[in-house]
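S.K.: Given next are the chains, with one letter for each unit.
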Amino acid sequence: MNCEQANNLIGARIDGEIDNGHVAALDAHLAECAACRGVVEAMTAVDADLTRAFAPRRAAAAAVADRVLSQFVVPPAAALPAPVTTVHRSWWASWGRPLVAAAAGFGLAVLLMRPWNDTHTPIAGAGPSSVPVITVANPVGQLSLATGAVYICPPNSDNWRPLESGGAVQAGMQVRTGPKVRCEFKLSDGSEVRLNADTRVTLAAARRVEVASGQVFSSVHKQTDGAPFVVHAAPAETTLTALGTAFDVTCAPGKATLTVVEGSVKVDAAGKQNDVVRGGEALTVADGHFADKRQVENLMRATQWVDEILVMKGRDNPELARRIDDIFAQLGHEKMWYMQAQEVRRLGDHCVIPLTRYIESDRSKRTPDDEIKRREAARIVADVATTWAIPELINLLSDNDGEVRYAAAKALQRLTGQSLGRRPEEWRDQSLMSCNNTIAQWHAWWEQNKSHFPGADPDSVKPVELFKAAVPKDKA
Amino acid sequence: MTDGQLVRQALAGATPAAYETLVRRWAPRVVGVCHARVGRAAAAEDLAQEALLRGLRALATLSDPEKFGPWLCGIASRTCLDWLKKSERTEVSLSRLTGGSGSGSGSGDDGELHVAARGADAAERAEQADDLRHLMAEVDRLPEPQREALMLYYYEDCTYQDLAQRLGVSAATVNARLTQARMALRERLVDRQDGQDKDKRVRA
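First to last, the protein sequences are chains U and G.
All residue numbers for the first sequence refer to the numbering used here, where the first residue is 1014 and numbers rise by one.
All residue numbers for the second sequence refer to the numbering used here, where the first residue is 383 and numbers rise by one.
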């Protein structure tokens, strides 16, 4: 662990956000490093000062609310907006340019996202309009998205009815999806539960889901009171308990497979065995015993079925953005490790997005060899980037590694003729902290000058043209 | 109750309480967004008030009630940008960011940080208030990504995951930005302290 990593962990510890797995490593580093012990003291003091300094600001926000409420005149009842059932395809407008750039060299990303697939269109209301919507007293959640018909059934009954998009579900209600239908429930605690095709579950309570069969992805909302979120995989008699995490469960007769994307999950197999599965790991439980625990190299691919639901949530969805970034990072990682540098360079600016995402991701920060690869990736990006990549290069100026900052600064100088008073060598030789002001200047400069770089602003590109350019001919 | 449910209730005219809940729920974040954008507390409060009123009045135009929060923050951002353009403060803001003139005093925005300087601890309390006022001025001078993360964090006392979703970055990036912000603040405060110590020695 180096001091920069330690500093981030110190901050996370002060904020109560440190991962348990990092505590011992941080303590070991602190035992040896007097400078970082000083950082602990300094950051704790700054945190205390900030908390005090912001107290009046929070009070001021409450006063703002009071003033707004005193000035606002409640209008007469307005018409309810129509239910939103359209897919926000405009996310292409911002994602499209980099996607197109990547498409030629890295078509896999586009294939993974399958943006041309019309089955993304959500179906609000699963059956004929004459079917009554089931109203419930104390809903545990509601159907937020579906790609087709979703059915619900009261406990101990076989009276299945279609559920309207947006419809609420009472505790204890059974839910099932048919073939090729995926859906998402937003639970009352803020958690999201996604069902793959041919899945059957019971939403037993706000934070308890019982899976009878199929595949379920849970994105768990952390609760301040520490209330656990439980998924019971009935076929394998396995109970999964999570706190603030995201994980996927696949159930087959007598068997359940857990894949943890973020955080960690406690697993109890029929009271016979228990274990903790962490982010990036998968565990299979068969006949009440742990059969196989392993590292998952590509988590996004392992849980790829979720993408269809995320794409429906629109371009502003941060989870989708993270997954796309991760797909690109994976592509960049593969290119850097399995291709010669010259081959990557020959891809021209098509490699900029995958390589920058790779540089920004944890994939490029695991081993000392990764450092060499990510520096090489930064040099390639610097050499092949064209003007549309200027915002990406500005982001790389905030990298912890001076060599990466140096490469980005050189490319910015080449593309813009500007250095904003700091030579590329200074980006490498001086601390990141001393670069902060110039980083801010670069962001401000870009806001003021981006109109001078045609094609550099993603929003200026028409989505239809992007779509045509990105979609393989046999799919268009 | 979710934002979407409250928005529907408000539009249906069922209860004014729905408006109140939305305003109280989102006011800290909107003030935080404005503060991060314009870097001045008093101006931020006025802009936040304007943005909240605009949002409430335009509520019927919101296409997806569940996205009330991001929509409102978008209104707040645009309100700030309009203000910055209109008052030609963009360059002033840049000079503040680069540590040029115009920083340091907090522009008198933080009057509430003044403490009554009476009694035995008067000098010490006045000094503390001055330190906090200076700290807020330094917060205003942080690069925008760090300032935004820091302000939202301390305005709302939220988790990294909440911040990550709000900012569209990873929790690790939130962690890094907060750390960089605190380290930068510490560095500047130490520089200031050194300067004050030097002044005292010179006067002595």
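Hints are computed from structural coordinates only; laboratory data are not their basis.
Some clues are possibly wrong.
Output of the computed footprint for chain G on chain U, the stretches with three or more beta carbons under 8 angstroms from beta carbons of chain G [said to hold, decoys possible]:
id, segment
1, 1020–1026
2, 1062–1068
3, 1071–1080
4, 1215–1226
5, 1379–1388
6, 1439–1449
In silico lysine-lysine, DSSO-like type, Cα no more than 27 angstroms apart, as pairs [what the hints assert, rightly or not]:
id, chain 1, residue 1, chain 2, residue 2
7, U, 1268, U, 1279
8, U, 1378, U, 1463
9, U, 1279, U, 1306
10, U, 1285, U, 1306
11, U, 1268, U, 1285
12, U, 1235, G, 467
13, U, 1199, U, 1285
14, U, 1235, U, 1193
15, U, 1386, G, 449
16, U, 1378, U, 1306
17, G, 468, U, 1463
18, G, 468, U, 1199
Remember, predicted model here, so these are calculated numbers, not experimental data.
Every residue gets a Cβ at the ideal spot worked out from N, C-alpha and C, and that includes glycine.
S.K.: Compare the distance between the alpha carbons of residue 1268 of chain U and residue 1279 of chain U with 27 angstroms, and conclude whether the hinted pair is satisfied.
M.R.: holds (17 angstroms)
S.K.: Between the alpha carbons of residue 468 of chain G and residue 1199 of chain U, is the straight-line distance 27 angstroms or under?
M.R.: Not OK: residue 468 of chain G and residue 1199 of chain U at ~42 angstroms, beyond 27 angstroms, violated.
S.K.: Could you grab the alpha-carbon distance between residue 1268 of chain U and residue 1285 of chain U and see if it respects the 27 angstroms cut-off?
M.R.: holds (15 angstroms)
S.K.: Taking 27 angstroms as the top limit, are the C-alpha atoms of residue 1279 of chain U and residue 1306 of chain U close enough?
M.R.: holds (13 angstroms)
S.K.: Closer than 8 angstroms, Cβ to Cβ, for at least three residues: run that test on the segment 1020–1026 of chain U against chain G and report holds or violated.
M.R.: holds (count 5)
S.K.: How does the segment 1071–1080 of chain U fare against chain G when you require at least three residues with a CB closer than 8 angstroms, holds or violated?
M.R.: holds (count 9)
S.K.: Holds or violated: residue 1378 of chain U with residue 1463 of chain U, Cα cutoff 27 angstroms?
M.R.: Status violated; Cα separation ~31 angstroms.
S.K.: Need the status of pair residue 1235 of chain U, residue 1193 of chain U: alpha-carbon distance at most 27 angstroms?
M.R.: This hinted pair is violated, its Cα atoms lying about 30 angstroms apart.
S.K.: Holds or violated: residue 1378 of chain U with residue 1306 of chain U, Cα cutoff 27 angstroms?
M.R.: holds (24 angstroms)
S.K.: Check whether the Cα positions of residue 1285 of chain U and residue 1306 of chain U lie no farther apart than 27 angstroms.
M.R.: Cα-Cα ~16 angstroms, so holds.
S.K.: Within 27 angstroms, alpha carbon to alpha carbon, are residue 1199 of chain U and residue 1285 of chain U?
M.R.: violated (32 angstroms)
S.K.: Within 27 angstroms, alpha carbon to alpha carbon, are residue 1235 of chain U and residue 467 of chain G?
M.R.: violated (40 angstroms)
This entry does not satisfy hints 4, 5, 8, 12, 13, 14, 15, 18, going by the numbered hints stated previously.
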